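So the protein lines, in turn, are chains A and B.
Mind the numbering: the first sequence is residues 1 to 366 in our numbering, read in order.
Mind the numbering: the second sequence is residues 1 to 185 in our numbering, read in order.
Keep in mind the hints are simulated off the structure, nothing from the lab.
Since this is a predicted model, take the numbers as computed values, not measurements.
Check the hints yourself; a few may be wrong.
[To be verified] Derived pair list, reagent style SDA-like, types lysine to any residue, alpha-carbon separation capped at 20 angstroms:
#	chain 1	residue 1	chain 2	residue 2
1	A	K179	B	G78
2	B	K65	A	A277
3	A	K183	B	V80
4	A	K248	B	P92
5	A	K183	B	G78
6	B	K87	A	E281
7	A	K179	B	P77
8	B	K87	A	A228
9	A	K248	B	I73
10	A	K248	B	R81
11	A	K248	B	V80
12	B	K48	B	D176
13	B	K87	A	L278
14	B	K87	A	R280
15	A	K183	B	D75
16	A	K179	A	A228
17	A	K183	B	P77
18	A	K248	B	E76
19	A	K183	B	A74
20	A	K248	B	V72
21	A	K248	B	A74
22	A	K183	B	E76
23	B	K87	A	R286
24	B	K65	B	P92
[To be verified] Distance ranges between label pairs, derived from CB positions:
#	chain 1	residue 1	chain 2	residue 2	range
25	B	D67	A	D116	48 to 56 angstroms
26	B	G28	A	G113	53 to 61 angstroms
27	A	T310	B	G28	55 to 63 angstroms
28	A	Q216	B	T102	45 to 53 angstroms
29	B	D83	A	E295	22 to 30 angstroms
30	B	I68	A	E349	47 to 55 angstroms
31	B	G60	A	T310	36 to 44 angstroms
32	A	D160	B	G78	54 to 62 angstroms
33	A	A136	B	V80	46 to 54 angstroms
34	A	R280	B	G60	21 to 29 angstroms
35	A	E349	B	G78	52 to 60 angstroms
36	B	D83	A	P19	46 to 54 angstroms
37	A	V194	B	E101	38 to 46 angstroms
Glycine included, every Cβ here is placed at the ideal spot set by N, Cα and C.
What follows is the residue order along each chain.
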Amino acid sequence: MIGSSSHPATARPGLWEGPVNDVDVHVTVPSVQALYPHLDAAWIQHIEEREWEGPATALLYPPALTAGGGQTASRSPDNAQPASGAATTVEDVLGQHQDGYVILNCVYPIDGGPPDFSAALAKAVNDWLLAEWLEADDRVRASIVVPTRDDPSAIAAEIDRVGGHPGFVQVLLPARSGKLYGKRLYWPVFEAIVRNDLVAGIHWGGSNDGLPPTPQGWPAWYIEEYVAEVGVFEAQLASLIAEGVLQKFASLRVALLESGFTWLPVWMWDLDRNWKALRREVPWVRRPPFELVREHVRVSTAPLCADSSTELKYVIEWLGSSEILMYASDWPHLHGDDLAVLLGALPLEAQAKVMHENAREWYRMS
Amino acid sequence: MNSPQAPGERKRLSGKYVVARKQDLPDGGRLIVDVGGRAIGIVNVDGKLYAFLNRCPHRGGELCKGDIISLVIADEPGAVRLDSTVKFIACPWHGWEYDLETGQSWYEPGNRPGEQRRYPSARSFRAEIEGGGRIAQELASGEAIAQSSGEIIDAKKHRVKGPYKAEMFPVDIEDDYIVVTINRS
Chain A
1 MIGSSSHPAT
11 ARPGLWEGPV
21 NDVDVHVTVP
31 SVQALYPHLD
41 AAWIQHIEER
51 EWEGPATALL
61 YPPALTAGGG
71 QTASRSPDNA
81 QPASGAATTV
91 EDVLGQHQDG
101 YVILNCVYPI
111 DGGPPDFSAA
121 LAKAVNDWLL
131 AEWLEADDRV
141 RASIVVPTRD
151 DPSAIAAEID
161 RVGGHPGFVQ
171 VLLPARSGKL
181 YGKRLYWPVF
191 EAIVRNDLVA
201 GIHWGGSNDG
211 LPPTPQGWPA
221 WYIEEYVAEV
231 GVFEAQLASL
241 IAEGVLQKFA
251 SLRVALLESG
261 FTWLPVWMWD
271 LDRNWKALRR
281 EVPWVRRPPF
291 ELVREHVRVS
301 TAPLCADSST
311 ELKYVIEWLG
321 SSEILMYASD
331 WPHLHGDDLA
341 VLLGALPLEA
351 QAKVMHENAR
361 EWYRMS
Chain B
1 MNSPQAPGER
11 KRLSGKYVVA
21 RKQDLPDGGR
31 LIVDVGGRAI
41 GIVNVDGKLY
51 AFLNRCPHRG
61 GELCKGDIIS
71 LVIADEPGAV
81 RLDSTVKFIA
91 CPWHGWEYDL
101 ETGQSWYEPG
111 NRPGEQRRYP
121 SARSFRAEIE
131 GGGRIAQELA
141 SGEAIAQSSG
151 EIIDAKKHRV
161 KGPYKAEMFP
171 VDIEDDYIVV
181 TINRS
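One chain only, chain A, in its complex shape (with noise of 0.2 angstroms):
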């Protein structure tokens, strides 16, 4: 039963007794030096002389707020850092007998910086995700953490690396992109996903090396950062749509995560009406961007960003799938989720879809 944790979104006993697949949960790498032993000499090095702590997360996750994806309190004896280890964040996500999956997505900015530097920290990542993760527990699954966007053949190689382990489902494409993510650029890394049939994944945030969630630059305030990115997911379901990235892959599954969900069906309906006027732009679009959305796309319930079952329910309703919302409780980031509002806002039917069954199909999790 969810609820046994202290965490909002899940902590209210006895909300959802089924099986639960989580599908956005945090890894927080503790500290550099636990990928020592998945870096060469020459890297090691290379941090040591320096003084390299590594990528700064806490840009992207402020740890001290209590919302707006702020960490939560670890409840872990050993004060260590929540999400930081598979034991306690397992228990923590799930409980100790609950039936599901989590899946890890591991947000370390290093898709800028040097491009070896980068693939030799995304493989360094990868394996210790593998090492100390994977292999812990088998309600584990994980996101591939990628290089630098500047090089796709790379992210294309690391795919193709570690994609075929099975515990590997999803590859995490950060939001904040540099480029959209339909230019052809990025077709060979769709390739590489489709080959290692594995979905993309693309999440809230980006390199902090200097993408800001606005095209009109840094906002003053976390608060603006915060709400921003909505506009960074349309643009990038835009571009995955109209460039034709559907077409071109037929068989793809994409997931957006931590991207909230209540804005979708408004502007999946500009986009539908606008296609209709716009269409011999994009030919190779042949049905409504709407009903590609629902074929090839899910997002995650988090940040749930509502507080009324009663509104949610014509949000949901608006989306026109049970298919397309997978439950996740975004652990250990707090958005003030309230797992009642979601439960209460959905059909009888569609609960178990959206706590389970549409992640286990999507992620083809058994």
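Since the structure of chain A is already known, use the hints to place chain B on it.
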């Protein structure tokens, strides 16, 4: 059934109307003429003449002043080609597109696939116009009208059939004159 004639409505007159000389309407040209009290547009596309009631079934725009557009198709991303055998006339008001050959409209706006029609039907169109569609530049603001039974996907041409049909008239050239025929229904 004899429905009372609305005030000011002109009686339809069947028959053949000589509306212009052939040379008045060169290739690519168009004419809007008064025939039996109704504005009818005649377009010459690649030497072939088409006559439409100059009133879009959607909101009454001057249909015959719209662009003539060929179908653009692509079997895969980037492989764009023009199918000049399928042409539309697009209403200048909201972009509804009507097949030049049949008057059938394509790309109905507003409704999502499988959804019950949200808009009231436009009874006043029923007598004259039978079907149609548009591309939707316009907001689906509740003014679109639908009476058709559902989405019809033309798999070959990748088009979506709409609810309207623009009224067309036989148009011929007889002795170098353009003749429009109206059959009273």
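Now for the hints, and whether the structure bears them out:
1. A:K179 <-> B:G78: 19 angstroms, holds
2. B:K65 <-> A:A277: 18 angstroms, holds
3. A:K183 <-> B:V80: The hint holds at about 17 angstroms.
4. A:K248 <-> B:P92: With a Cα-Cα distance of about 34 angstroms, the restraint between K248 of chain A and P92 of chain B is violated, given a limit of 20 angstroms.
5. A:K183 <-> B:G78: 12 angstroms, holds
6. B:K87 <-> A:E281: 16 angstroms, holds
7. A:K179 <-> B:P77: 19 angstroms, holds
8. B:K87 <-> A:A228: Given pair K87 of chain B, A228 of chain A is violated - Cα atoms ~43 angstroms apart, limit 20 angstroms.
9. A:K248 <-> B:I73: Cα-Cα ~15 angstroms, so holds.
10. A:K248 <-> B:R81: Holds. K248 of chain A to R81 of chain B sits at ~17 angstroms (cutoff 20 angstroms).
11. A:K248 <-> B:V80: 14 angstroms, holds
12. B:K48 <-> B:D176: 14 angstroms, holds
13. B:K87 <-> A:L278: Satisfied, since the Cα-Cα distance of roughly 16 angstroms is no more than 20 angstroms.
14. B:K87 <-> A:R280: Measuring from Cα to Cα gives roughly 13 angstroms; hence the hint holds.
15. A:K183 <-> B:D75: 18 angstroms, holds
16. A:K179 <-> A:A228: 17 angstroms, holds
17. A:K183 <-> B:P77: 11 angstroms, holds
18. A:K248 <-> B:E76: 7 angstroms, holds
19. A:K183 <-> B:A74: With Cα atoms ~18 angstroms apart, K183 of chain A and A74 of chain B stay inside 20 angstroms; holds.
20. A:K248 <-> B:V72: 18 angstroms, holds
21. A:K248 <-> B:A74: 12 angstroms, holds
22. A:K183 <-> B:E76: Holds - the C-alpha atoms of E76 of chain B and K183 of chain A are around 15 angstroms apart, at most 20 angstroms.
23. B:K87 <-> A:R286: 18 angstroms, holds
24. B:K65 <-> B:P92: Satisfied, since the Cα-Cα distance of roughly 7 angstroms is no more than 20 angstroms.
25. B:D67 <-> A:D116: 48 to 56 angstroms: 54 angstroms, holds
26. B:G28 <-> A:G113: 53 to 61 angstroms: 58 angstroms, holds
27. A:T310 <-> B:G28: 55 to 63 angstroms: 58 angstroms, holds
28. A:Q216 <-> B:T102: 45 to 53 angstroms: 49 angstroms, holds
29. B:D83 <-> A:E295: 22 to 30 angstroms: 26 angstroms, holds
30. B:I68 <-> A:E349: 47 to 55 angstroms: 50 angstroms, holds
31. B:G60 <-> A:T310: 36 to 44 angstroms: 40 angstroms, holds
32. A:D160 <-> B:G78: 54 to 62 angstroms: With a Cβ separation near 25 angstroms, D160 of chain A and G78 of chain B fall outside 54 to 62 angstroms, so the hint is violated.
33. A:A136 <-> B:V80: 46 to 54 angstroms: 51 angstroms, holds
34. A:R280 <-> B:G60: 21 to 29 angstroms: For G60 of chain B against R280 of chain A, whose Cβ atoms are near 25 angstroms apart, the range 21 to 29 angstroms holds.
35. A:E349 <-> B:G78: 52 to 60 angstroms: 41 angstroms, violated
36. B:D83 <-> A:P19: 46 to 54 angstroms: 51 angstroms, holds
37. A:V194 <-> B:E101: 38 to 46 angstroms: 41 angstroms, holds
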